[in-house]
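Starting from the known structure of chain A, fit chain B onto it as the hints suggest.
The listed protein sequences correspond, in order, to chains A and B. Heads up: the first sequence runs through residues 39 to 262, numbered per the numbering used here. Heads up: the second sequence runs through residues 733 to 947, numbered per the numbering used here.
Simulated from the structure, these hints should not be mistaken for lab results. Glycine included, each C-beta is placed from N, C-alpha and C at the ideal position. There could be a bad hint or two in this list.
[As the list claims (entries may be wrong)] Quick look at which bits of chain B chain A covers, simulated, 3 or more residues with Cβ under 8 Å: (1) 822 to 833; (2) 917 to 928; (3) 935 to 943.
[What the hints assert, rightly or not] Pairwise CB distance ranges, derived in the manner of DEER restraints: (4) A:204 / B:875: 36 to 42 Å; (5) A:204 / B:807: 48 to 54 Å; (6) B:942 / A:246: 16 to 22 Å; (7) B:809 / A:132: 23 to 29 Å.
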Amino acid sequence: MSPSPLMALFSREIRVARRLGGGSTMGIIFFLILVTIVPFAIGPDLNLLSRIGPAILWIAALLATLLGLDRLFQADHEDGSLDLMLTSDTPLELIVLVKCLAHWVVTGLPLVIAAPLFGLMLALDPQALWAVTLSLLAGTPALALLGAIGAALTVTLRRGGLLMAILILPLAIPVLIFGVSAASASLSATTPFWPPFLILCALTLATLAAAPFAVAAALRHMSE
Amino acid sequence: MSKSPFSFPVFRLEAERLAFRRGGRALVENLSFRLTNGDALVVTGANGAGKSTLLRGLAGFLSAYAGSALLIDQAGDQETIASHGHYVGHQEGSKPALTARENLAFWQAMLTLPGLTSDMTPEAALTQLGVPQVADLPVAYLSAGQKRRVGLARLLLAPRLVWILDEPLTALDAAGQGLLTSLIKNHLGCGGMVIAATHAPLGIDSLHLELGGKP
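Just chain A, with the same shape it has in the complex (with noise of 0.2 Å):
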């Protein structure tokens, strides 16, 4: 008894990340480092660090999330994956949401997973920690979507890396915004955590809803 489609290319997805290696622990080193460098920028001011730690995190979260989301596509591009792909029973769309799934299996949850240990040398008290890490949850999948829009985009470019970076990080303003809203909740009397994380989620549920049909256009658009 073969395993449905999708379940089949989610777990070819985990494995090819598992054996090339790199993925989760080059994201969460390069996060680390981004977390890390900044107390060496601004000095070591712990109430200006804990004030400007969630906005911190998420910012590194962004960068990291970018890495490695170039090849999401352009390795079955390469390699005549995609072709096959095209040829399947299964709608083009359904197959780059479980890919984007699969990536930020790999990619995002482990940075999530990461964030309140790397919030701790950003001074943040318990409850932004918690936050932080909410918001991060709810956040990185529509990273992970807005990217893939661009990694759609350039898959036919050898080095599309940066013009991806490029046209994704404008989209991710709104997400960001909130993101970062609602992890500083916590750090001032005025600001509530409860709207700003609701849009957040919003956010996400839009792009999840209309990501995998730009994604699947721009691929079919890019395989002629």
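Just chain B, lined up with the frame of chain A:
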């Protein structure tokens, strides 16, 4: 060679005044042909004549500039060739980091059509292609000919009506070429169709299409 116990449903493939363009240049123009179950079409032509373009177009990767190519069943319903076809091109679609078995199991799950399942295992398909020893090796370590055989094993694991083969003999040794010929004969015997672009003779009875290339 094991005989497949089933035969494909009756279809005819009709290409009607088909035209494809690459980079604004017409490569294939005003091409019409018909195939029925058990037919093979061999496409020949000089380098750059448009063989690969035609095959990629038939597989649905390029949209036709004009005309159409469709499969029509007995009831007269039209379906795309892509949804019933295997495409074997210059790349094998194998992930170098995964073993031959893992690659094939994935493609079997991905490409199997409802109602057309094969009970063949990846190991059995590799044995039929004469490379049972590579099942547990990462594809990165295989030779070009072995990679090609792993790619061709896909054809056996997910039965599909139309095989679209772009230079299928590339990198295969004499024994491999003989093996492919017998696989193609077997497929045609089950009522399948084969469209192949090739420079070397495949050793099968086939219709022939010569693309006139402007160098």
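Hint check:
no.	hint	result
1	822 to 833	holds (count 9)
2	917 to 928	violated (count 0)
3	935 to 943	violated (count 0)
4	A:204 / B:875: 36 to 42 Å	41 Å, holds
5	A:204 / B:807: 48 to 54 Å	52 Å, holds
6	B:942 / A:246: 16 to 22 Å	50 Å, violated
7	B:809 / A:132: 23 to 29 Å	24 Å, holds
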